Amino acid sequence: MSDEGPTEAHGEIAEPQERLAPEARARREAALKHVRKYGDPVLRSTALPIERFDRALLDEVDRMGRLMHDAYGIGLAATQVGVMHRLLVYRTELDGAVAALVNPELEWASKDKETAEEGCLSLPAVAVEVERPIHVRVSALNERGEPILVEASGLEARVIQHEMDHLDGVLILDKTSRDQRKQAMRALREALEPRPAAA
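For the sequence shown, the positions run 1 to 199 when the numbering used here is used.
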């Protein structure tokens, strides 16, 4: 995917780190420390439905929105920050409003599909081709417990599907070809290898 547009890869990552000013890069690195990385068992777990709509949930949505913003992400699932809630936040533009979906359920997906490159905040240095329906309809609750229906297409549909996968312990590695998965695993091992401390 071209580096000229606002997104480096569809999915969760909205901005490549090389472009960031030092202050923004430091903020991104700090935010990413809160995001669970590949190998953490929580990323393979199924999140539980949310039943309480209280101040704690509003705070959780706010915190996830800030982490996503600072990490230059466009989507984040609660499991990625170690919380076993069926909650995701997303936006389709870097400075766009943050939307929260609680207990989302896929009601309908189009037969028309599209393949595009996706990245993931939990899989550093990985970008793989993933085929997904172009249009979806998702029912959910907002952070105040009010029912909402989202009819999404294109990038919005892709991001929502990516984050809903996280809530079921599914990663983009599970949805790509064997060859891409092997390449991604190599890149991931290199990205997650501890670097020797400076003398």
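Simulated from the structure, these hints should not be mistaken for laboratory data.
Be a bit skeptical, because a hint or two may be false.
To be verified - Computed cross-link-like contacts, BS3-like style, restricted to lysine-lysine with a CA-CA straight-line distance of at most 27 Å:
| id | residue 1 | residue 2 |
| --- | --- | --- |
| 1 | Lys33 | Lys113 |
| 2 | Lys175 | Lys37 |
| 3 | Lys113 | Lys175 |
| 4 | Lys182 | Lys33 |
| 5 | Lys37 | Lys182 |
| 6 | Lys175 | Lys33 |
| 7 | Lys175 | Lys111 |
Unchecked claim - What follows is a list of derived Cβ distance ranges for each label pair:
| id | residue 1 | residue 2 | range |
| --- | --- | --- | --- |
| 8 | Leu48 | Glu146 | 34 to 42 Å |
| 9 | Arg44 | Arg178 | 40 to 48 Å |
| 10 | Ser153 | Pro22 | 33 to 41 Å |
In this text, all values refer to a predicted model and were calculated from it rather than measured experimentally.
Here a beta-carbon is modelled for each residue, glycine too, at the ideal position from N, C-alpha and C.
Each hint, compared with the structure:
For the hint pairing Lys33 with Lys113, the CA-to-CA distance comes to about 34 Å; that exceeds 27 Å, so the pair is violated. A C-alpha spacing of about 18 Å is found between Lys175 and Lys37, which places the hinted pair at or below 27 Å, so the restraint holds. Taking the CA atoms of Lys113 and Lys175, the gap is about 13 Å. The hint holds against a cut of 27 Å. Among the hinted pairs, Lys182 with Lys33 is consistent with the structure: their alpha-carbon atoms are about 25 Å apart, no more than 27 Å.
Of the supplied pair hints, the one linking Lys37 and Lys182 holds, its CA atoms being roughly 17 Å apart against a limit of 27 Å. Pair hint Lys175 plus Lys33 holds up; C-alpha atoms about 25 Å apart against a cutoff of 27 Å. As the CA atoms of Lys175 and Lys111 are separated by approximately 17 Å, the hinted pair is consistent with the 27 Å bound. The hinted range of 34 to 42 Å is not satisfied by Leu48 and Glu146, whose Cβ atoms lie roughly 20 Å apart.
A C-beta distance of roughly 19 Å is found between Arg44 and Arg178, which places it outside the suggested range of 40 to 48 Å. Range check, Ser153 to Pro22: about 37 Å between beta-carbon atoms, so the 33 to 41 Å window is met.
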